[in-house]
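Q: If you read the protein sequences in the order shown, they are chains E and F. Quick note on numbering: our numbering labels position 241 of the first sequence as 241, and the sequence is numbered without any gaps. Quick note on numbering: our numbering labels position 98 of the second sequence as 98, and the sequence is numbered without any gaps.
Just so you know, the hints here were simulated from the structure itself, not pulled from any lab data. Keep in mind that this is a model prediction, so the values were computed, not measured. A portion of the hints provided could be inaccurate.
Each computed EDC-like pair below joins lysine to aspartate or glutamate, with the alpha-carbon atoms no more than 20 Å apart [unchecked claim]: (1) E:Lys298 - F:Glu93; (2) F:Lys72 - F:Asp129; (3) E:Lys105 - E:Asp191; (4) F:Lys195 - F:Glu211; (5) F:Lys123 - F:Glu172; (6) F:Lys72 - F:Glu154; (7) F:Lys195 - F:Glu229; (8) E:Lys298 - F:Glu225; (9) F:Lys72 - F:Glu60; (10) F:Lys72 - E:Glu128; (11) F:Lys195 - F:Glu225; (12) E:Lys105 - E:Glu22; (13) E:Lys105 - F:Asp54; (14) F:Lys72 - F:Asp54; (15) F:Lys195 - F:Glu154; (16) F:Lys72 - E:Asp181; (17) E:Lys298 - F:Asp129; (18) F:Lys72 - E:Asp191; (19) F:Lys64 - F:Glu28; (20) E:Lys105 - E:Glu182; (21) F:Lys72 - F:Glu58.
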Amino acid sequence: MKRWFPVALGMLAVGLALYPLEATGYGVRVGLQLFMWIALAQSWNLISGLTGYVSFGHVVFFGTGAYASSLLVNAGLPWPVACLGGGVAGAVLALIIGWPCLRLKGPYFAIAMLGLNEVMRVIVSYAEGLTGGGNGLSLPTLDASRSIYYAMGLVAAAVTAVTYAIVTSRFGLRLMTIREDEVAAEAMGIDTLRYKIYAFMLSAIGPGIVGGLSARDQGYIEPISVFPLIMTITMIVMALFGGKGTIWGPVLGAVVLFVFQEAVWARFVYLHQLLFGAIIVAVVLMMPRGILGVLQQKYNLPRTI
Amino acid sequence: MAPILEVRSAIKRFGGVAAVNRVSLALEPGRIYGLIGPNGSGKTTLFNCITGVDHVDEGEILLKGRRVDRLKPHQIFHLGVGRTFQVIRVFPELTALENLLVVTTGGYPEARRRAQELLALVKLERLGDEFAGNLSYGQQKLVEFIRVLMTDPELILLDEPAAGVNRTLLNELLNAVRRLRDQGKTILLVEHDMKVVMGLCETVFVLDHGEKLAEGAPGVIQADERVIEAYFGR
Numbered sequence: 001m002k003r004w005f006p007v008a009l010g011m012l013a014v015g016l017a018l019y020p021l022e023a024t025g026y027g028v029r030v031g032l033q034l035f036m037w038i039a040l041a042q043s044w045n046l047i048s049g050l051t052g053y054v055s056f057g058h059v060v061f062f063g064t065g066a067y068a069s070s071l072l073v074n075a076g077l078p079w080p081v082a083c084l085g086g087g088v089a090g091a092v093l094a095l096i097i098g099w100p101c102l103r104l105k106g107p108y109f110a111i112a113m114l115g116l117n118e119v120m121r122v123i124v125s126y127a128e129g130l131t132g133g134g135n136g137l138s139l140p141t142l143d144a145s146r147s148i149y150y151a152m153g154l155v156a157a158a159v160t161a162v163t164y165a166i167v168t169s170r171f172g173l174r175l176m177t178i179r180e181d182e183v184a185a186e187a188m189g190i191d192t193l194r195y196k197i198y199a200f201m202l203s204a205i206g207p208g209i210v211g212g213l214s215a216r217d218q219g220y221i222e223p224i225s226v227f228p229l230i231m232t233i234t235m236i237v238m239a240l241f242g243g244k245g246t247i248w249g250p251v252l253g254a255v256v257l258f259v260f261q262e263a264v265w266a267r268f269v270y271l272h273q274l275l276f277g278a279i280i281v282a283v284v285l286m287m288p289r290g291i292l293g294v295l296q297q298k299y300n301l302p303r304t305i
Numbered sequence: 001m002a003p004i005l006e007v008r009s010a011i012k013r014f015g016g017v018a019a020v021n022r023v024s025l026a027l028e029p030g031r032i033y034g035l036i037g038p039n040g041s042g043k044t045t046l047f048n049c050i051t052g053v054d055h056v057d058e059g060e061i062l063l064k065g066r067r068v069d070r071l072k073p074h075q076i077f078h079l080g081v082g083r084t085f086q087v088i089r090v091f092p093e094l095t096a097l098e099n100l101l102v103v104t105t106g107g108y109p110e111a112r113r114r115a116q117e118l119l120a121l122v123k124l125e126r127l128g129d130e131f132a133g134n135l136s137y138g139q140q141k142l143v144e145f146i147r148v149l150m151t152d153p154e155l156i157l158l159d160e161p162a163a164g165v166n167r168t169l170l171n172e173l174l175n176a177v178r179r180l181r182d183q184g185k186t187i188l189l190v191e192h193d194m195k196v197v198m199g200l201c202e203t204v205f206v207l208d209h210g211e212k213l214a215e216g217a218p219g220v221i222q223a224d225e226r227v228i229e230a231y232f233g234r
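Same shape as in the complex, but just chain E:
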């Protein structure tokens, strides 16, 4: 990697750290949401971009984290600890679900994940005693947007750092062999199920924490607000747009599409979904590898870009 790159990254980090001191409340919100999308798209990338197992219900970890951490907050835990608890809840759910479902191949896994999200939403809706059911769950009021901004930023950075570490390691290469040819990976001594479960659990931690942070920021959650299918689709589109299976692709995709969405959404409330759909179609048809994927192939760039 070029030497200026870490320097530029460092300066960007300092800039982002100083930003809330000057920004309005709305500006901080926008910033923390951007971080949230980076963390989500990057987490999806960890399982789906690297192993090729497309998770069509990844928001289930976001929702589970949101509920787990909200319950922990209401039980009296400080919110940063509760949000980490949300990450643990995500990882535990991933283990329970991954064990049977990661044996499924191709579209079957995607459908199973889609179903899982719906099932979790229904379970949360019916477990009124614990979750408040359809009435939702309120958290004690707290003005912590700036702290949550930093926490979200840390999670986004951490998930990206983990992705970097994985992609540049043999563990990451082995995850990619599953995407490339699972039968050959097995025949070459790679315990593919175990690797998939590891990747799946890793990919569930980020959304779990982020779900908790988002819930803390909103102060109120309900089943339809934390298990929406559109969130899964958005993180998939972001990762695909930037380049799935790359380190910086999901970050790039999240930044570009989020900024685009904010700009368009402010003007055309309904049209932005249509545009989003158009982007999905365009990306899949014209550059299935995403922006970075195309650049990597064209200029023979290393995987670390």
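On the provided structure of chain E, position chain F as indicated by the hints.
A: Frame of chain E; chain F shown alone:
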């Protein structure tokens, strides 16, 4: 000598068809064996049963005296069985070098050294950083072959190693196989090129309709009327 691999009355059915039907064979260490037969005679299915991709419905498969017919492919690999595939199965979007690196369990620097050695062995050392999917058919075949050697397996199964490989490369490949045998490895190969089979193998098994039709030295097999009949009809 005790056999390294023993297949005892193995049966594998797909629906009503027995793709492998009561096949028994034993491989002694340090020899090269051939597995031949017309298309659809069960050669690849037998390979799949030995390597855990498929599981036999009846019968036993023993590796160094240990039952392995219920193990998963990655477990069998770690017991010292490596294989290549009839249809190339390199990891196309990994580089040639990475294709090798994913296989080992040892330390990284050591794995790199070993991988470079193997690339040099098949004269691909300058293509290590090329994506495997960009290599020619023959080169991919070689990458698949040396990938098997990363962990020094005792038993190597090669599914049509000669198909699509040009003469020069083929001779390199055959010499490499002989050298492996000289190091004490056991090799079982499926091959349609009779010249290769007859020139390389010490013992040949013939499969037809899932059953073992004959077994013996190449010269004996070539003259066997049942074998000729299976290939050319009566």
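Q: Hint by hint, note whether the structure agrees.
A: To see whether the hints hold, each was checked on the structure:
no.	hint	in the structure
1	E:Lys298 - F:Glu93	holds, 14 Å
2	F:Lys72 - F:Asp129	violated, 31 Å
3	E:Lys105 - E:Asp191	holds, 15 Å
4	F:Lys195 - F:Glu211	violated, 23 Å
5	F:Lys123 - F:Glu172	holds, 10 Å
6	F:Lys72 - F:Glu154	holds, 18 Å
7	F:Lys195 - F:Glu229	holds, 19 Å
8	E:Lys298 - F:Glu225	violated, 57 Å
9	F:Lys72 - F:Glu60	holds, 15 Å
10	F:Lys72 - E:Glu128	violated, 44 Å
11	F:Lys195 - F:Glu225	holds, 19 Å
12	E:Lys105 - E:Glu22	violated, 49 Å
13	E:Lys105 - F:Asp54	holds, 16 Å
14	F:Lys72 - F:Asp54	holds, 9 Å
15	F:Lys195 - F:Glu154	violated, 25 Å
16	F:Lys72 - E:Asp181	holds, 16 Å
17	E:Lys298 - F:Asp129	holds, 15 Å
18	F:Lys72 - E:Asp191	holds, 9 Å
19	F:Lys64 - F:Glu28	holds, 10 Å
20	E:Lys105 - E:Glu182	holds, 10 Å
21	F:Lys72 - F:Glu58	holds, 17 Å
Hint compliance for this structure: hints 2, 4, 8, 10, 12 and 15 are not met, and every other hint is.
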